[in-house]
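Novice: Sequence:
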Amino acid sequence: MDGAVLVALTAAIGNLLQGWDNATIAGAVLYIKKEFNLQTQAGIEGLIVAMSLIGATVITTFSGPVSDMFGRRPMLIISSVLYFVSGLVMLWSPSINVLLLARLLDGFGIGLSVTLVPVYISETAPPEIRGRLNTFPQFTGSVGMFLSYCMVFSMSLTVSPSWRLMLGVLSIPSLAYFFLALFYLPESPRWLVSKGRMKEAKKVLQRLRGRDDVSGEMALLMEGLGAGGEVSIEEYIISPDDELDDNHEHAVDKDRIKLYGAEEGQSWIAKPVTGQSTLGLVSRHGSVANQSALMDPMVTLFGSVHEKLPEMGSMRSMLFTNFGSMFNISENQVKHENWDEESQRDGDKHSDASGAESDDNVRSPLLSRQGSGTEGPPTSLSMRQGSNYNTANAGEHASMGIGGGWQLAYRKDEKKEGALKRIYLHQEAGVGSRRGSIMSLPGCDAHGEGDTIHAAALVSQSVLRTESILAQQTIEEAVEKQTGPITKAIGWRALFEPGVKHALIVGVGIQILQQFSGINGVLYYTPQILEQAGVGVLLSNLGIGSESASFLISGLTTLLMLPSIGIAMRLMDIAGRRLLLLTTLPVLLLSLIVLVLGNVINMGEVTHAVISTISVVVYFCCFVTGFGPIPNILCSEIFPTSVRGICIAICALTFWIGDIIVTYSLPVMLNTIGLAGVFGIYAVVCAIAWVFVFLKVPETKGMPLEVITEFFAVGANKQPGKE
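Each residue of the sequence shown is one higher than the one before, starting from 1 at the first, in full-length UniProt numbering.
What the hints contain is simulated information worked out from the structure, not anything from laboratory work.
Because the structure is a prediction, the values reported are computed rather than measured.
Don't take every hint at face value.
Stated by the list, open to error - Okay, derived cross-link-like pairs now, DMTMM-like style, lysine to aspartate or glutamate, Cα gap no bigger than 25 Å in a straight line: (1) Lys199 <-> Asp213; (2) Lys199 <-> Asp2; (3) Lys195 <-> Glu497; (4) Lys195 <-> Asp212; (5) Lys203 <-> Asp213; (6) Lys199 <-> Asp212; (7) Lys203 <-> Glu187; (8) Lys415 <-> Glu200; (9) Lys203 <-> Asp2; (10) Lys415 <-> Glu497; (11) Lys416 <-> Glu230; (12) Lys696 <-> Asp213; (13) Lys195 <-> Asp213; (14) Lys33 <-> Glu497; (15) Lys33 <-> Asp2; (16) Lys34 <-> Glu547; (17) Lys416 <-> Glu497; (18) Lys696 <-> Glu497; (19) Lys501 <-> Glu699; (20) Lys501 <-> Glu230; (21) Lys696 <-> Asp573; (22) Lys199 <-> Glu187.
What the hints assert, rightly or not - Label pairs and their computed distance ranges (CB to CB): (23) Leu165 <-> Pro498: 51 to 59 Å; (24) Asn97 <-> Leu559: 34 to 42 Å; (25) Pro74 <-> Gly674: 45 to 53 Å; (26) Gly418 <-> Pro74: 36 to 44 Å; (27) Lys415 <-> Phe496: 23 to 31 Å; (28) Gln41 <-> Leu559: 29 to 37 Å; (29) Leu542 <-> Trp492: 54 to 62 Å; (30) Pro563 <-> Gly418: 54 to 62 Å; (31) Asn602 <-> Phe496: 50 to 58 Å; (32) Leu559 <-> Arg465: 51 to 59 Å; (33) Asn602 <-> Leu542: 25 to 33 Å; (34) Gln39 <-> Gly566: 37 to 45 Å; (35) Leu495 <-> Arg207: 32 to 40 Å.
Glycine included, every Cβ here is placed at the ideal spot set by N, Cα and C.
Produce the complete structure using the sequences and hints provided.
Specialist: Below you can see the structure in the form of structure tokens.
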């Protein structure tokens, strides 16, 4: 995964430049006010800061659709150019008007990078570490703020600090970003697939994953182009392929799906049933026993996938060993290759007795005719993943691992001639096994007889068709045969599809609440806020003025953010996005309440300064752990590939409009209702945000992007209390 990590880190440099700019303008505005006599013109002061936000808002309106047309990478390159040019203009700036123009150009660069970097990382990262990699923008942004505050502090100690030099230094790191984006960053493989550029997408995936066999993920990316349609939830009993328990009265003898393990000879059979799984219950009834009456059924639907399995590991680590976590892909790939070699050698030894079978084992077609020996439409289909799996038995459908413990399988659509059904398969966590546990399946540490597990499946129409791939030998060849875009022209009408509309409510809602919790306003004006809080008292004995002291404290504050972001990176794919939000928002609320009380109660200058500083530090550290990175992570995950650009633009537009309102109004609010009133409003918003997250925001950790959009399609079409 080194390729994906380095690519994500490189892309996140755009957010480092944003953080650098945020901190620099926060310090430079103090000297700009003095030079242009703006002490009594809070509106002009706010406009200087907010002009970059206006630019970001304007460019965001076009960034999503344009990136869908021309790609993510060109937009990141343009972003670096805009950063560079704006830095040069700010270095020159002879007047307020020129400075405002430079800030506008800077905003264009910020808008492109902040909007598209999370999308780019989500589209290139494997599901298991997508949350961690998408925390990089928050981390690099804080690094940029820290470095900038250090620069501003050192310059503030000089006789005549130059705000032009403070702002102009931005051109240096932006130049480095330009060369890295131009010569190192690849294009998003999902975007390439959406344009029919399959060979390029395969090369990018091989580079990002560090392996040659990316057939499963290529198939997944193809299927993502058709996400959001009619989706049904089915249930399966999974057991060893030679020990299927005949006592299951609902089991049927058709549509078998064969799953393969990492070791030689390990395989299982999945059969459809009509039981009462947790996922099935949520799908049919919209609620379960422990669900709040007000909670969105979507939250419970996602939650049923993430529940811990009783007294065993996950399906990812036990049943689907070879397809599971990509953290162990190299080891699993070695085992898989050994299996292939041993199987081929074994086939050579028995070639006299079963030569035809051995030949089929090595070179069987991707979709093979089953059931009858006559020519004509196949009665069942068999899918291979570019390896010598045996798919000769009638009715078997080999599945492909797509990350996060999910499997992608195919079967023939009996209702539509030439059509395929795709199946996203995952172990049913709420039910467990019918008899024993997964630990007792052959190939695990313990053994038992007739042991089965319950699995749930998302079934929908595939974008692939039988006639387009019947003659191919591997899924890679089938995908590569696609010569053009599969998706049709996308219009605004697509935004009103139930799954997309539901996802937009979540994305827009969490962006609004994030902005009106006040973080960007606090960041822009941290030096002034701390100066009003009396922080200069703490450093006055060292001979440091109040302005320089506030810069120093701001730099230390951002430095303290970095360990907090490190915690978020560690927990993002373990605890998950939803739990992090529900845990950190109460702490954020408590820190704001303490800050309000510290400014209302008269407790002396030193005590007031200490309480205010600690409260701001806790506020920042808590924010960057949860409410900072997660909204952008969620928004980059929950939309289908076909409309992701448009939807991201809508969410980002909401982000920047809220940012403008908060930033432009903060100086006026500080002069009218003071710090206590400002943070009191933020506290109320944080309380509302917790309720919104609890009722509306689902958990998406470890799930492939295409599976997430399928869940939204299912949940949006299911009404509570209806079958």
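Novice: Please list, smallest to largest, the hint numbers that this structure does not respect.
Specialist: The structure conflicts with hints 8, 12, 14 and 15, although it agrees with all the remaining ones.
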